[in-house]
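Colleague: Heads up: the sequence lines are chains A and B, in that order. Just so you know, we're using our numbering here: the first sequence kicks off at 1 and counts up by one. Just so you know, we're using our numbering here: the second sequence kicks off at 115 and counts up by one.
In short, the hints are calculated from the structure, not lab data. Take the hints with a grain of salt, since some may be wrong.
Stated by the list, open to error - Listed below are the simulated DSS-like cross-link pairs for lysine-lysine, each with C-alpha atoms no more than 30 Å apart in a straight line:
no.	chain 1	residue 1	chain 2	residue 2
1	B	Lys170	A	Lys57
2	A	Lys11	B	Lys170
3	B	Lys140	A	Lys57
4	B	Lys213	B	Lys170
5	B	Lys140	B	Lys183
6	B	Lys140	B	Lys170
7	B	Lys184	B	Lys140
8	B	Lys140	B	Lys213
9	B	Lys184	A	Lys57
10	A	Lys57	A	Lys11
11	B	Lys170	B	Lys184
12	A	Lys57	A	Lys15
Claimed, not checked - Among the chain A residues that face chain B by a calculated CB cut under 7 Å, a handful are:
no.	residue
13	Gln41
14	Gly51
15	Pro61
16	Phe65
17	Arg100
18	Thr102
19	Phe105
20	Gly108
What the hints assert, rightly or not - Residues of chain A placed beyond 10 Å of chain B at every Cβ, according to the derived structure:
no.	residue
21	Ser73
22	Thr76
23	Val89
All values derive from a computational prediction rather than experimental measurement. We treat Cβ as the ideally placed atom computed from N, Cα and C, and that holds for glycine.
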Amino acid sequence: GAGVSQSPSNKVTEKGKDVELRCDPISGHTALYWYRQSLGQGLEFLIYFQGNSAPDKSGLPSDRFSAERTGGSVSTLTIQRTQQEDSAVYLCASRQELPRETQYFGPGTRLLVL
Amino acid sequence: SQQGEEDPQALSIQEGENATMNCSYKTSINNLQWYRQNSGRGLVHLILIRSNEREKHSGRLRVTLDTSKKSSSLLITASRAADTASYFCATDASGGYNKLIFGAGTRLAVHP
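For reference, chain A alone in the conformation it holds in the complex:
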């Protein structure tokens, strides 16, 4: 079946502009995660959605970052007033309700802020 998809694959924007990154999880997966990976680094947790529960936003680095998940499926990560330090690969992952341990990752969106 189809895996996690993300769009766009690459995004170049100017400092100060807003960007929206999209994630389509695997159908039926109840949990969805966003991570950020800066060049040569590991993944940094941003936000986690689980069903209809309130999202865990504890990893969002500033109030310029927000995310929503509509209808328990597609998720959008929005970065307002982008800064150069926001340049990174943004990865989305989803998982089933059970078993909970394995996350399935999308290919990521590479964001470059000029």
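Fit chain B to the given chain A structure using the hints.
Modeller: Just chain B, lined up with the frame of chain A:
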């Protein structure tokens, strides 16, 4: 902040050799997972070891976990050029909700 620290940061070996990567972490965990990443894009789950397990095998992969030392190792036996990738450990301390904390990774290069 990162929970896991991998070592070495980079490893270069010849095909057929074994590759060992280590991971240390800071807090108590539910499980520890290893992921592989090709070309800086999507990650692939390799293997999971629970906190009450000490060793696990999957094909050419062997993972050990020492909770007293808060460390894990990933051994890839009989390496192949196709094993060239970055390898990350990730710990779950979230009570089973799989909120993972990743280390910075080990870049493995396997030369033919």
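Colleague: If a hint holds in the structure, say so; if it does not, say that too.
Modeller: Each hint tested on the structure:
Restraint check for B/Lys170 and A/Lys57: the C-alpha separation of about 33 Å exceeds 30 Å, so the hint is violated. Taken as a hint, the A/Lys11 and B/Lys170 pair is broken in the structure, with Cα atoms around 40 Å apart against an allowance of 30 Å. For the proposed pair B/Lys140 and A/Lys57, the alpha carbon gap of about 22 Å is at most 30 Å, so the pair holds. Distance check on the hinted pair: B/Lys213 and B/Lys170 sit about 22 Å apart at the alpha-carbon level, within 30 Å; holds.
Using a Cα cut-off of 30 Å, the hinted pair B/Lys140 and B/Lys183 holds, with the two alpha carbons roughly 9 Å apart. Distance check on the hinted pair: B/Lys140 and B/Lys170 sit about 21 Å apart at the alpha-carbon level, within 30 Å; holds. Proximity of B/Lys184 to B/Lys140 is assessed by CA-CA distance (about 7 Å); at most 30 Å being required, the pair is judged to hold. Our distance criterion of 30 Å between C-alpha atoms is met by B/Lys140 and B/Lys213, whose separation comes to about 15 Å.
For the given pair, B/Lys184 sits about 27 Å from A/Lys57 by alpha-carbon distance, which is consistent with the 30 Å threshold. For the given pair, A/Lys57 sits about 23 Å from A/Lys11 by alpha-carbon distance, which is consistent with the 30 Å threshold. A hinted pair counts as satisfied when its Cα atoms are at most 30 Å apart, and B/Lys170 with B/Lys184 qualifies at roughly 16 Å. Taking the CA atoms of A/Lys57 and A/Lys15, the gap is about 24 Å. The hint holds against a cut of 30 Å.
Against a cut-off of 7 Å between C-beta atoms, the interface hint on A/Gln41 holds, since the closest Cβ of chain B lies about 6 Å away. Interface restraint check for A/Gly51: the shortest CB-CB distance to chain B comes to about 11 Å, outside 7 Å, so the restraint is violated. The interface hint given for A/Pro61 is violated, since its Cβ lies 12 Å from the closest Cβ of chain B, which is over the 7 Å cut-off. Interface restraint check for A/Phe65: the shortest CB-CB distance to chain B comes to about 17 Å, outside 7 Å, so the restraint is violated.
The interface hint given for A/Arg100 is met, as the beta carbon of that residue sits about 5 Å from the closest beta carbon of chain B, less than 7 Å. At its closest, the beta carbon of A/Thr102 sits 5 Å from a beta carbon of chain B; the interface hint therefore holds under the 7 Å criterion. Taken as an interface hint, A/Phe105 checks out: its beta carbon lies about 4 Å from the nearest beta carbon of chain B, inside 7 Å. The interface hint given for A/Gly108 holds, since its Cβ lies 5 Å from the closest Cβ of chain B, which is under the 7 Å cut-off.
With a minimum CB-CB distance of about 19 Å to chain B, A/Ser73 clears the 10 Å threshold, and the non-interface call stands. Distance check on A/Thr76: its Cβ is at least 19 Å (rounded) from any Cβ of chain B, clearing the 10 Å threshold; non-interface status holds. Under the 10 Å C-beta cut-off, the non-interface status given to A/Val89 relative to chain B is violated; the minimum distance is some 6 Å.
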